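Novice: Sequence:
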Amino acid sequence: MDKRVVLCIAAVMLLIGQPTGDHQKADPKSGQPSINEVVDGKEEPHLHYKIQEEGISYSESTLIYDKQPIARVWMKVNGEAGNYEQQVAVAQALHNELEKAYPGLSRGVLADSAQATTEDPNSVSVYVGGQENGKEEIDMAIVLVQEMADKLKIKQDQERSGRIVDFD
Numbered sequence: 001m002d003k004r005v006v007l008c009i010a011a012v013m014l015l016i017g018q019p020t021g022d023h024q025k026a027d028p029k030s031g032q033p034s035i036n037e038v039v040d041g042k043e044e045p046h047l048h049y050k051i052q053e054e055g056i057s058y059s060e061s062t063l064i065y066d067k068q069p070i071a072r073v074w075m076k077v078n079g080e081a082g083n084y085e086q087q088v089a090v091a092q093a094l095h096n097e098l099e100k101a102y103p104g105l106s107r108g109v110l111a112d113s114a115q116a117t118t119e120d121p122n123s124v125s126v127y128v129g130g131q132e133n134g135k136e137e138i139d140m141a142i143v144l145v146q147e148m149a150d151k152l153k154i155k156q157d158q159e160r161s162g163r164i165v166d167f168d
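Under my numbering, read the sequence shown as residues 1 to 168, first letter to last.
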């Protein structure tokens, strides 16, 4: 199955809350480590930003906050990684902080077992926006996520992937 189709299906399933195939909503467990335990660890998960290219509608990929359009984000964790619980702890803490500060900015956390073969196993992918989001909307979302990640002391990759957007 084409990656774009899988991502589109995953995004739709995330929105309606139903798992599909290799994708499921990440489930924080009661034994899950706290965010403080995770960020102090040797191989803590780090964030990797991806500009989303899937064809979701502008209304689904955009939050209007204080009359300003901002690209919405969602986090994807590697469901087969050895540090799955740490990844969920990082992603869930980031989601919770974003929702407190900017309700509706985060679309949630998704576990993806297919990610194991294509991504850094320590990486929590932060998907930003959709096809119709512009540079300013994407930049604003990344700045807000970076601020929350800094607040939580989560490591971040400076590298971003997806369609070309100038982040200077």
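Since the hints were derived computationally from the structure, they do not count as laboratory data. Among the hints, a few may not be true.
[Stated by the list, open to error] Lysine-lysine pairs mimicking DSBU-like chemistry, simulated, CA-CA at most 30 Å apart: (1) 100 with 151; (2) 153 with 100; (3) 100 with 135; (4) 135 with 50; (5) 135 with 153; (6) 151 with 67; (7) 155 with 100; (8) 135 with 67; (9) 50 with 67; (10) 50 with 151; (11) 100 with 67; (12) 100 with 50; (13) 151 with 135; (14) 50 with 153; (15) 135 with 155; (16) 155 with 50.
[Said to hold, decoys possible] So the derived label-pair ranges between C-beta atoms look like this: (17) 82 with 58: 23 to 29 Å; (18) 82 with 59: 27 to 33 Å; (19) 153 with 99: 31 to 37 Å; (20) 66 with 156: 23 to 29 Å; (21) 134 with 80: 16 to 22 Å; (22) 66 with 146: 17 to 23 Å; (23) 113 with 53: 30 to 36 Å; (24) 100 with 64: 14 to 20 Å; (25) 57 with 103: 17 to 23 Å.
What you are looking at is a predicted structure, and each value in this text was computed from that prediction instead of being measured. By construction, the Cβ of each residue, glycine as well, lies at the ideal position given by its N, Cα and C atoms.
Novice: Does each hint hold? Answer for all of them.
Specialist: Results for each hint:
1. For the suggested pair residue 100 and residue 151, the alpha carbons sit about 13 Å apart, so the restraint of at most 30 Å is met.
2. Taken as a hint, the residue 153 and residue 100 pair is honoured in the structure, with Cα atoms around 17 Å apart against an allowance of 30 Å.
3. Distance restraint check for residue 100 and residue 135: the Cα-Cα separation of roughly 24 Å lies within the 30 Å cut-off, and the hinted pair is therefore satisfied.
4. Of the pairs offered as hints, the one joining residue 135 and residue 50 holds, with about 13 Å between alpha carbons and a cut-off of 30 Å not exceeded.
5. Proximity of residue 135 to residue 153 is assessed by CA-CA distance (about 26 Å); at most 30 Å being required, the pair is judged to hold.
6. A distance of roughly 25 Å separates the Cα atoms of residue 151 and residue 67; the hinted pair therefore holds under the 30 Å criterion.
7. Pair hint residue 155 plus residue 100 holds up; C-alpha atoms about 21 Å apart against a cutoff of 30 Å.
8. For the suggested pair residue 135 and residue 67, the alpha carbons sit about 17 Å apart, so the restraint of at most 30 Å is met.
9. Proposed proximity of residue 50 and residue 67 is supported: the alpha carbons are some 25 Å apart, at most 30 Å.
10. Between residue 50 and residue 151 the CA atoms are separated by roughly 21 Å; this keeps the pair inside 30 Å, and the hint holds.
11. With a C-alpha separation of about 18 Å, the suggested pair residue 100 and residue 67 falls inside the 30 Å cut-off, and the hint holds.
12. For the given pair, residue 100 sits about 23 Å from residue 50 by alpha-carbon distance, which is consistent with the 30 Å threshold.
13. Between the alpha carbons of residue 151 and residue 135 the distance comes to roughly 24 Å, so the proposed pair stays at or under 30 Å and holds.
14. In summary, the hint linking residue 50 to residue 153 is supported, as the alpha carbons are separated by about 20 Å, within the 30 Å threshold.
15. Using a Cα cut-off of 30 Å, the hinted pair residue 135 and residue 155 holds, with the two alpha carbons roughly 24 Å apart.
16. Distance restraint check for residue 155 and residue 50: the Cα-Cα separation of roughly 16 Å lies within the 30 Å cut-off, and the hinted pair is therefore satisfied.
17. The given range of 23 to 29 Å is broken by residue 82 and residue 58, whose C-beta atoms sit roughly 38 Å from each other.
18. The given range of 27 to 33 Å is broken by residue 82 and residue 59, whose C-beta atoms sit roughly 38 Å from each other.
19. The hinted window of 31 to 37 Å between residue 153 and residue 99 is violated, with their beta carbons roughly 19 Å apart.
20. Checked against the given bound of 23 to 29 Å, the beta carbons of residue 66 and residue 156, roughly 25 Å apart, stay inside it.
21. A hinted range of 16 to 22 Å for the beta carbons of residue 134 and residue 80 is inconsistent with their spacing of about 35 Å.
22. For the pair residue 66 and residue 146, the supplied restraint of 17 to 23 Å holds, since their beta-carbon distance comes to about 19 Å.
23. As the Cβ distance of residue 113 to residue 53 is approximately 21 Å, the hint placing it in 30 to 36 Å is violated.
24. In this structure the hint that residue 100 and residue 64 lie 14 to 20 Å apart at CB holds, the actual value being about 18 Å.
25. For the pair residue 57 and residue 103, the supplied restraint of 17 to 23 Å holds, since their beta-carbon distance comes to about 20 Å.
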